[in-house]
Amino acid sequence: MVAPAFDYVAAGSYDEAVRLLASHGDDAKILAGGQSLMPMLNLRLAHPELLIDINPADQRPPSVADGMLRLPALTRHRVLLEHDLVRRGCPLLADAVRHVGNVRVRNRGTIGGSLAHADPTSEIGSCVLAAGARVLARGPDGERVIPAQELFAGYWTTALDAAEIITDVLIPVARPRQGWSFHEMARRTSDFAIVAVAALVELDESAAVTAARVALAGVADRVTLADAGLAGSTSDEDLDAAAALVAERLEPSDDVHASAAYRRRLARVLTARALRQARARAAGAAGAAGAAP
Amino acid sequence: MNKIQLVLTVNGRDHEVWVQPSQTLLDVLHDELGLADVRYGCGEGLCGTCTVLLDGEPVNGCLTLAVQAVGRPVTTMRGLPGPDDALHPLQECFLRRGASQCGFCTPGMVLTALDLVQRHREQGRGRPSREEIRYALVGNLCRCTGYTKILDAIEEYADQAARQ
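Protein chains in written order, with this note's numbering: chain A, 1 to 293; chain B, 1 to 164.
Isolated chain A, as found in the complex:
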């Protein structure tokens, strides 16, 4: 099929894009990497009258300042995969992006576009949740900070206002004694995940868990942060028990790809694997911040 006719404008800045978005309302859509929006247009699942292309608005590369990794919204997936600052600052995200799309999708797709699309099976969405990221959004009234766990509001829906645009993603840089892990199950490599799990585990000097963040994709109407309740844990058996508890609390639904029971089972198995691997990495990486594998 062919996309319905629409008009096109290239925005030279985020402010210009916000102005255009504010004046056109629901008739306009922001075009970033286009790897989700363009298929929706080709399949005629969306009918905007105007595409506002923000690609000319931002050329900034990733940077690190004050312990935060700053990823401009137009950071391509390939950059997440390969950039040194991302690999060292958030190895979880760099690793997870291997599962996103294919070479062509990763060359064009962007982190801001992926988050704004808010797919409930998103690898990137689950990573920013687990990593405790914050999103900077620009709107007609200026800029505001949205914690990642407040960004996702349901199937393909965010907490962004109608004329707001994501401009940056801020992620706390990986610390010593912090380990990460990402696991997913998909029917075929590069397919949408049936279930994906992103985990960050932090240990104290005695190798007991001080903090654990687990985020899951494919188990609800949005990517979801789970309370692993692991403080003080010292054994893999503790982690397995926590994974079982995480899975038990979920209420996934049946769809054509998998049953609710299978999703819950995947959530338990993948969470246990992710927690074990993250803990092992944290123990191995003590003193060597966020060492990549």
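What follows is a list of derived Cβ distance ranges for each label pair: (1) Ile-4/B with Gly-154/A: 35 to 41 Å; (2) His-15/B with Arg-265/A: 53 to 59 Å; (3) Glu-132/B with Ala-211/A: 33 to 39 Å; (4) Ala-22/A with Gln-164/B: 54 to 60 Å; (5) Thr-210/A with Arg-163/B: 51 to 57 Å; (6) Asp-55/B with Gly-154/A: 34 to 40 Å; (7) Leu-43/A with Arg-78/B: 25 to 31 Å; (8) Glu-122/B with Gly-284/A: 30 to 36 Å; (9) Gly-142/A with Ile-4/B: 29 to 35 Å; (10) Glu-32/B with Leu-43/A: 19 to 25 Å; (11) Ala-153/A with Val-70/B: 32 to 38 Å.
Partial list, computed: chain B residues near chain A (C-beta under 10 Å): (12) Pro-21; (13) Asp-27; (14) Gly-45; (15) Leu-46; (16) Gly-48; (17) Asn-60; (18) Asn-140.
The set of hints was computed from the structure by calculation and includes no laboratory data.
Beta carbons: idealized from backbone N, C-alpha and C, even for Gly.
Use these hints to put chain B onto chain A, whose structure you have.
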């Protein structure tokens, strides 16, 4: 919608085209410029038959608007360097190995593999392994050959390129 005039630089030549803003790069290359080596497959970025190089990187022609390609070199398989219409060495490998049957996926396979081999060389990572080639080609579907011969052809080319 009104048509707009664009200049697209395709395979080293400038082309003046009148397009609708909503027309994809694939549509314009195939329908307006007659480049039959850029093909409509799925329209969702999954199958790889519309692969072109934009600024030297493989992209989905079906998910890129023609207007977004203004001022940026576009390369299709037909534009691969080869003096006197000679085939590119990777195309020779495809022929020798029987890696092309109906040929519909071939341009996307060739461009994606070429990018992979060149990237590995630029990054000093040597020749991509068979597993790395399989990973890079996950978004290029072939319904004829079953991929084995395609992998053989790309490995042969990667070996050649590594010796140069």
